[in-house]
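Q: Quick note, the sequences are listed as chains A and B, same order.
Heads up, the first sequence is in our numbering, so the first residue is 489 and it goes up one at a time.
Heads up, the second sequence is in our numbering, so the first residue is 17 and it goes up one at a time.
Please note that the accuracy of each hint is not assured.
What the hints assert, rightly or not - Lysine to any residue pairs mimicking SDA-like chemistry, simulated, CA-CA at most 25 angstroms apart:
#, chain 1, residue 1, chain 2, residue 2
1, A, K584, B, A154
2, A, K587, B, L151
3, A, K762, B, A154
4, A, K762, B, E81
5, A, K762, B, E43
6, A, K762, B, V145
7, A, K762, B, L151
8, A, K762, B, I92
9, A, K584, B, V60
10, A, K762, B, R146
11, A, K805, B, A154
12, A, K805, B, E43
13, A, K805, B, G66
14, A, K673, B, G66
Simulated from the structure, these hints should not be mistaken for laboratory data.
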Amino acid sequence: MQQTTPQPIHWKGPGNTRIPYALYVDPDVPAQEQERVFRGAVWNYLCLEAELPEPGSYRTTFAGETPVVVVRDGEGDIYAFENRCAHRGALIALEKSGKAESFQCVYHAWSYNLQGDLTGVAFEKGVKGQGGMPASFCKEEHGPRKLRIATFCGLVFGSFSDDVPDIEDYLGPEICARIERVLHKPVEVIGRFTQALPNNWKLYVENVKDSYHASLLHMFFTTFELNRLSQKGGVIVDETGGHHVSYSMIDPAAKDDTYKDQALRSDNDRYRLKDPSLLAGFTEYDDGITLQILSVFPGFVLQQIQNCLAVRQVLPKGIDSTELNWTYLGYADDTPAQRTVRLKQSNLVGPAGFISMEDGAVGGFVQRGIAGAASLDAVVEMGGDHAGSSEGRATEASVRGFWKAYRQHMGQNTGDAA
Amino acid sequence: MSTEIDLLQVAAFNAAYARTIDNDALEQWPAFFAPDCHYRITNVENEREGLPAGIVWADSRDMLEDRIAALREANIYERQRYRHLLGMPVLEAAEGGQAKATTPFMVARIMHTGETAVFATGEYRDRFVRQDGRLLLAERVAVCDSTVTDTLLALPL
Chain A
489 MQQTTPQPIH WKGPGNTRIP YALYVDPDVP AQEQERVFRG AVWNYLCLEA ELPEPGSYRT
549 TFAGETPVVV VRDGEGDIYA FENRCAHRGA LIALEKSGKA ESFQCVYHAW SYNLQGDLTG
609 VAFEKGVKGQ GGMPASFCKE EHGPRKLRIA TFCGLVFGSF SDDVPDIEDY LGPEICARIE
669 RVLHKPVEVI GRFTQALPNN WKLYVENVKD SYHASLLHMF FTTFELNRLS QKGGVIVDET
729 GGHHVSYSMI DPAAKDDTYK DQALRSDNDR YRLKDPSLLA GFTEYDDGIT LQILSVFPGF
789 VLQQIQNCLA VRQVLPKGID STELNWTYLG YADDTPAQRT VRLKQSNLVG PAGFISMEDG
849 AVGGFVQRGI AGAASLDAVV EMGGDHAGSS EGRATEASVR GFWKAYRQHM GQNTGDAA
Chain B
17 MSTEIDLLQV AAFNAAYART IDNDALEQWP AFFAPDCHYR ITNVENEREG LPAGIVWADS
77 RDMLEDRIAA LREANIYERQ RYRHLLGMPV LEAAEGGQAK ATTPFMVARI MHTGETAVFA
137 TGEYRDRFVR QDGRLLLAER VAVCDSTVTD TLLALPL
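This is chain B alone, in the form it adopts within the complex (with noise of 0.2 angstroms):
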């Protein structure tokens, strides 16, 4: 079997990746990032004038563990869902068990009152790496085409 990182096994990771947030499973959602990752959520204004802050910024997969840990325990915050509906990636380089690829995302907030509004749309603008013998994110970069965010981000992208 190929080691080399193919655009099913990306769409597939994808799915599995929204249907997590989107199912309540913030637990799991980590794991899909290897130890040593980045993770930003950002928007294209500042992407493109290459300025690196973001609304969220983490360097290790515990960075990740720790804002669930805070969603779950110190954040307070309306009750929330999403739903991810995620385009079809362009793999745009895959080879020695590494790829580059970007997937265009919208995200619906459904709050509990049952208003329910298009949160966000972007790109994710990713780096997969295969560790034993597993697909994970060595970057996600949520790049948001809108500047504005409404209320506040609790889930992640």
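This is chain A alone, in the form it adopts within the complex (with noise of 0.2 angstroms):
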């Protein structure tokens, strides 16, 4: 494998307390990111099987920026390829999602099979005895590059890497138990949006991971007491560091004076809803458990809040930017009264979401204020320096668990992390 020559970005420690702002603004950087983290040995997500019903249907998405078709062949197998002709370099597949017997790019036709296999160049024994390509010429030689498939719970994951560990021994048991959990049985998409973030990617991820900012951002969850920091729940973070989950459970009895005593701004008597149906919800888990938010690494994330469940792909586009994708999700075997609550609590999450919306301004608003300070670093120490498992909710230890993983794939030397 190529490698690049290595950044000279300047960790300070102790553990992954201190993130260089420079990750975020360096140029650098995403070209390192692409090549050592999402064509690397991580799985990416790509789409639910769901999503692939019948032979022939496809779907185009990313692993990072790395544009890929994933397709279901006539075996019924999943594949994916890059989304990119062998030829010139042309996107082969041109529509987010489709029904194919094959694929042909438009600017040469050169046509490939559901497998990503180069099987056809025009002309290729030229025209009229005139041109065509040598007798060297080996299609079996050139073709976009494959990714390994793996599939868990409905969840289509890509890989670049031969080195990746089989799913779900990236996943760890923790995790697998924790998608298993939710998607135990068929889901059908019932909805997609797009949102497009001014920040960099990695800056979504950790506030995915920050369960700290969760109450204290998010003033809709705080008020309905959806989500106290003293409510029970943790947040477990597998041995790479680089998957995670927050949980916690509505504990009607443990309304708590914390927020009071600290005059924090998210607290509001006063506030209530007019159409109490929002939050009315039915009990899908026998475990208690109301909300679910987890991830993998690099950019996926499974969320359950109260019914309301989704998938959400992480996309870097470029430094500053990044794509944010939506699945809203129904269990195939819903009745109509179970969908309606789910469309209904979707309001929570989204771009437009009472709990959600302020996380796809956040990011910016760290972008934004670290211009200028590219030496300098985020202190990243709520709960200590360790990177493992806890019972609170107020620590940052998901996100030095993304750290921990991210330098670890980067070959930025890790730290004292646990």
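Since each chain comes alone in its own frame, lean on the hints to assemble the complex.
A: Now the structure itself:
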């Protein structure tokens, strides 16, 4: 594998408690991340199996910045390959999704089967004995790079790496169990929305992992007692640090004064819903967990907030821009009433979500705030310097976990983080 | 006077609707809807595929009032305004005091920093009713032409 020179970014310890702002602004960082993270030994979330319902169903997406076609072939197997013609590099598939028997590049009509093999070169033998490819040209030696595919609970992941562990080993047992908890039966897509974030992709991933901010920035949550730090819950960080689960359980008995004592902005007794049906959900998990946010390194999120289910795909678009793809889900066997509850609760999330709209903006606040501070560092020390699981949610352990995994992939010598 | 809903009434209704949002009179915005109504913001791809979710999804006027209350009291977003430019409605059906219409919209977002950008374009797909002599929306689906929302959507479309 081709290696670029390690970037001269200086990490200060202990652990991963100081994050160099340069990582969000240095123009050399994205290319290294593409090579070492997104095309490195990771599993990139590509799509749902439910989005490839039959032979020939395909979707175009990205692994990091690399355009990818994901397709179900005639045997029902899923393949993914770079969306790049082997000839001149043009996109092979232009639509977001569709059904195909084969693919053909529009530029010079080179064609591919559903496995991504180059099967046809227009005028390969020339025209009337003139031109054509040399006899030595071998189609088998040309083709877009293929990704390895792994599926888990209906999630389709792809990897350019031969070294990445099997998906279940990559995720680890705790993360697997928490994915299975939500995706335990077939799902259906009920809507797709994209949010353009004015910030580096890592700021959004950190935000997802940051259980500390949830009840401080998102007043809606706090006011309706969906998410207090004193609620039962916790944070699970896998061994690599890269994946996490943050969860909480509502405990109506635990009405506490933590916030009032600290005179924080995020409490407001006056605020009550006129139409409380927004929050009138139904119990569908027997473990009492009403909120579970799960992330898989580098850029996948599975969300259960009450009955509102979604997956999110985080795609870097340059140093200071990110595409966040939301796919809202229901279960295939939802009753109409259950489906209505999910649609109502979807007001909580997405680009206009009562408890998520701020996340679309705070990354931009950081991106704008750190202009001129590339030599300085963020402080990520809530809960100490460890990057492991913890009971409380007043911790940034899973954010440090992200950096532990990031540094491992980027070849930036890791700190003392556990 | 005829009780049928005509083009001019819909156009005037839309003008008042847009002005209410653009002038930051958001508390008056829910009053453009019937108590039992549907309001949704989605995009052309979801509509084409029949996917029912919205980035805003409400089935009562109370939910719209709750959204404004949340914007005023709970949600954090940078100071911003919209400027709606609405096209001429196409009145698709009008009888019995009800009407179906579609109206194209273009919304610029003006941030407090001065940054002005086209934030959304699309089409309102509406069902109007007349209740107590007033024209009201029984349904407004704001179908955005783009699937992408920049940063966040705070104010309604």
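Q: Are any of the numbered hints broken by this structure? If so, which, sorted upward?
A: Numbers 1, 2, 11, 12, 13, in rising order.
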